[in-house]
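Protein chains: 2
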Amino acid sequence: MMSRLAPRWPAWLFWWQAACPQGVSAQQRTWAGASRIPGPGGPWGATGTSPLVRRGSSSAFSRAPEVVLTRERYSVRRLPFSVVSEDDLAALERIVPGRVITDPEELEAPNVDWLRTVRGSSKVLLRPRTSQEVAHILRYCHERNLAVSPQGGNTGMVGGSTPVFDEIIVSTALMNQIVSFHNVSGVLVCQAGCVLEELSRYVEERGFVVPLDLGAKGSCHIGGNVATNAGGLRFLRYGSLRGTVLGLEVVLADGTILNCLTSLRKDNTGYDLKQLFIGSEGTLGVITAVSILCPPKPSAVNVAFLGCPGFAEVLQTFCTCRGMLGEILSAFEFMDAECMKLVGLHLHLACPVQESPFYVLIETSGSGAGHDAEKLSGFLEQVLGSGLVTDGTLATDQRRIKMLWALRERITEALSRDGYVYKYDLSLPLDRLYDLVSDLRARLGLHAKHVVGYGHLGDGNLHLNVTAEAFSPSLLGTLEPYVYEWTARQRGSVSAEHGLGFKKKDVLGYSKPPEALQLMQQLKALLDPKGILNPYKTLPTRT
Amino acid sequence: MMSRLAPRWPAWLFWWQAACPQGVSAQQRTWAGASRIPGPGGPWGATGTSPLVRRGSSSAFSRAPEVVLTRERYSVRRLPFSVVSEDDLAALERIVPGRVITDPEELEAPNVDWLRTVRGSSKVLLRPRTSQEVAHILRYCHERNLAVSPQGGNTGMVGGSTPVFDEIIVSTALMNQIVSFHNVSGVLVCQAGCVLEELSRYVEERGFVVPLDLGAKGSCHIGGNVATNAGGLRFLRYGSLRGTVLGLEVVLADGTILNCLTSLRKDNTGYDLKQLFIGSEGTLGVITAVSILCPPKPSAVNVAFLGCPGFAEVLQTFCTCRGMLGEILSAFEFMDAECMKLVGLHLHLACPVQESPFYVLIETSGSGAGHDAEKLSGFLEQVLGSGLVTDGTLATDQRRIKMLWALRERITEALSRDGYVYKYDLSLPLDRLYDLVSDLRARLGLHAKHVVGYGHLGDGNLHLNVTAEAFSPSLLGTLEPYVYEWTARQRGSVSAEHGLGFKKKDVLGYSKPPEALQLMQQLKALLDPKGILNPYKTLPTRT
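Chains as they are written, first to last, in UniProt numbering: chain U, 1 to 543; chain B, 1 to 543.
Worth flagging that the hints you see were computed from the coordinates, not collected in a lab. Some hints could be false.
Note that the list lumps identical chains together, so a pair holds whenever it fits in one copy or between two copies.
Said to hold, decoys possible - Derived SDA-like pairs (lysine to any residue); straight-line CA-CA distance at most 25 angstroms:
hint	residue 1	residue 2
1	LYS297	ASP431
2	LYS449	ASP435
3	LYS297	LEU430
4	LYS297	GLN382
5	LYS530	ARG94
6	LYS297	LEU315
7	LYS449	TYR482
8	LYS402	PRO514
9	LYS402	SER386
10	LYS402	GLU205
11	LYS449	THR541
Construct the complete structure from the given sequences, taking the supplied hints into account.
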């Protein structure tokens, strides 16, 4: 059910679904056509089809204006890798017969990121099915000094999964088999190319959930999620992939298969090598299989969507929430009024509560519906009564929960329809988190279309986005390094969860000291001495 | 309260504390003298005093028979490090004035592990107070090719924290300052030598808990916990230190200070270097400060101690428990009848329930006492009614919760009083977990005093211990490699949470493939090219 909350709502209001299961209110009807899946235009537009097929065949895609080549926009110098020859193509064809793609039209989509901000010029894409095939490919490329760009769902935000020049794209799209699932332990072992949403469905049917959820779930691959150490919507509850990923199989730059695909919750035998590859964005090895611990599926899920009069009230609502909801709190997201305006404007989603300067989405997940309802009810009474929240709505059934989540999850999509998007994904101290948005709004004035702030408040993670009609070096100059310097002064992170990829690699130094950077370079040199794995990514350009 | 459960107990039985707060039953009285802290004889014997002082001044310690030198028992060859000279001592004295310990009597304790199974012959121990001092020490030792053995609380199980030859002991005992604690985020930043129990007390006073708890809490240092990736009693609820440790400051072998001491929940800027040091047992760097995320303190904690008729019933009780207690389940521990016999025999702790082949300890931690009580009551009704559990007792107040926990936590201590202990810490598939104990009991017959099995069932972690009057190479030969081969056949881990240290370093290959081992050696060579950091530990002896 979903019901409107007034400051003085009666307790029964939340739980009238049994009496009125089909009841749909006016504002719910405005969402009838909406879902988590918006159709073509982004990773949010597919359910399980590979982006190569989906995007390559999308007429919307082919009509879109050409994206400027990365090497031109950013004046990158190509490193001295070999160029793919006819002999190479023949050799690769022997490794993955029938799965060497060289058709320029088919290569269009995997050369461009979904945000349409970076574009490579790869002439060949490989679609291995097994780790052994990946190993053969890398062994060959290593010997021949051919650069490689590993690609999963190509849903990243920082240009990490598209080639910069003519790197060979190694797609995990056909590595989509579930290897095993253990019904008692909840350990899932699967190939890297499994689509997150499909895994999610698979384990949910068996009473578990994947400890990771994000807007791009319909397209993103689990291997890519792990390679980028994706955070997402369940981070607050289930923590980092560094804790939930139990094992990995990785192919190293020279084609060595490193099998650390254990299914054990605990294993302290030597250095935890898999951690090197989690979050290394394919620059240290190609993840080919993943073992991940899935927690039991909560039997009761509720989502409250609330309006707050100011950011101070958002923070106080969070503190109250954490205290009163305790172990059942599974998400605490926030968005500002500008976000709501954009999802209304571009996606025709209506705001389900009174217009407010800020909105929060709170999810609870627990094992006892009655207990959770009581806890939530006590919390809502408290925040509504004290004026921290001015209006709210609550959903307890799956369909309406999805509708409320769509408001938050589809902000990225709404932004991408608003123009060129300058994206910042920052970790900041909670009490300063929104100051940067206000500051920037004042600083940019009419130079930007919109300056919006939203994100995973429970994790201290702000998504700051600025939209403009088109890419503009001068606007970029106003934004950077200003945003990074501001963040560094707060000892924040210039990439909380999106990684560095191509677009953020040169700002690493704002969050890490030179000694760390040096050690990272040494690790890269150790694991990939020829630098063939996802070059021009993650680590700063050496000067 | 603590109350005895009968198969057909009335629901009110659990909650009679309000009516009868001072009631102490017969079996509770037998525990009157017991606590988590048993006095001299192990790391369980101190509350916050450094083991150097505690052990060095313990008359019990000095009367104990001499421990055989590690290099003799295991015929280790000393590596060609320099030998500490008078000039070195003078130089070190300039770095840590007044804190260079060379008194042989004071050096006795830090040269021996608490289990009294390994013994080094270090002639000097340093007690730095700051990271800068540690950096100066390592820079000097690196230049002079002097080997170093970092030491925290010296509470490890695998001889990882004691020197093997004459390594310089660098103790973190004086690095015991809390740097900061954030009352909203729960992020604690402290020096590496803080004692876990003191940190725990500090954050609990502020409404939080350290996400790590273990029997040795009164002595172990947080730096050592992180360096060994300690698991412990809260793992089931709060997960691995790999997720909860947010940042580290580490001094590298050459004295470089690597400051990754962030307090951010999310930070995807480059490779997560801190992961290299978590669980690397001081062989890649010396951890000098830790930033750790402390979850809010649960307002309601309950502990049930139950007797089960067989191991199959233990497993079924676990599945039932996870389903019915869901998010409030915070520990599921088991122990066999032999364990109970030993804690009775050596520590005079009485069994609080009917004698049974197996016992389980279940802890719940939640934010609503009433809700938790209802959930627990439903669960107990189910397991008692179905015969999975034959008898049980429940505690809800702090003192009695500690008494029940003591039965589980003090097994290690009881074992150490039973004779020489052969310790195995294994991860195994749940359904085969106890088979190895039964198998070994049959195999060893009268050659062993006791063969016991207990551990963190919820994490698939078995502590298998065999006691004998004294160390015997022939008994060792019967146990090893048998136990490791058995574990490897189940694709288990030969060290779930204790690490490898000195005693297990050569069995790494049972749980990791050669490619992994090679990469570990490369990482060691990269980070510590002279091999001065905790030599003879973690990685197998090169042949």
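Comparing the hints with the structure gives:
1. LYS297 / ASP431: Result: close only across copies, 22 angstroms inter versus 33 angstroms intra.
2. LYS449 / ASP435: This pair counts as within: shortest intra-copy Cα distance 19 angstroms, inter-copy 67 angstroms.
3. LYS297 / LEU430: between (30 angstroms within a copy, 20 angstroms between copies)
4. LYS297 / GLN382: between (28 angstroms within a copy, 21 angstroms between copies)
5. LYS530 / ARG94: Within one copy only: 24 angstroms inside, 45 angstroms across.
6. LYS297 / LEU315: Only across copies: LYS297 and LEU315 sit 20 angstroms apart there, 29 angstroms inside one copy, limit 25 angstroms.
7. LYS449 / TYR482: within (18 angstroms within a copy, 69 angstroms between copies)
8. LYS402 / PRO514: Cα proximity of LYS402 and PRO514: none, with 44 angstroms in one copy and 47 angstroms across.
9. LYS402 / SER386: Neither way: LYS402 and SER386 sit 28 angstroms apart in one copy and 39 angstroms across, limit 25 angstroms.
10. LYS402 / GLU205: Intra 18 angstroms, inter 40 angstroms, cutoff 25 angstroms: intra-copy only.
11. LYS449 / THR541: Classified as neither; 31 angstroms inside a copy, 63 angstroms across copies.
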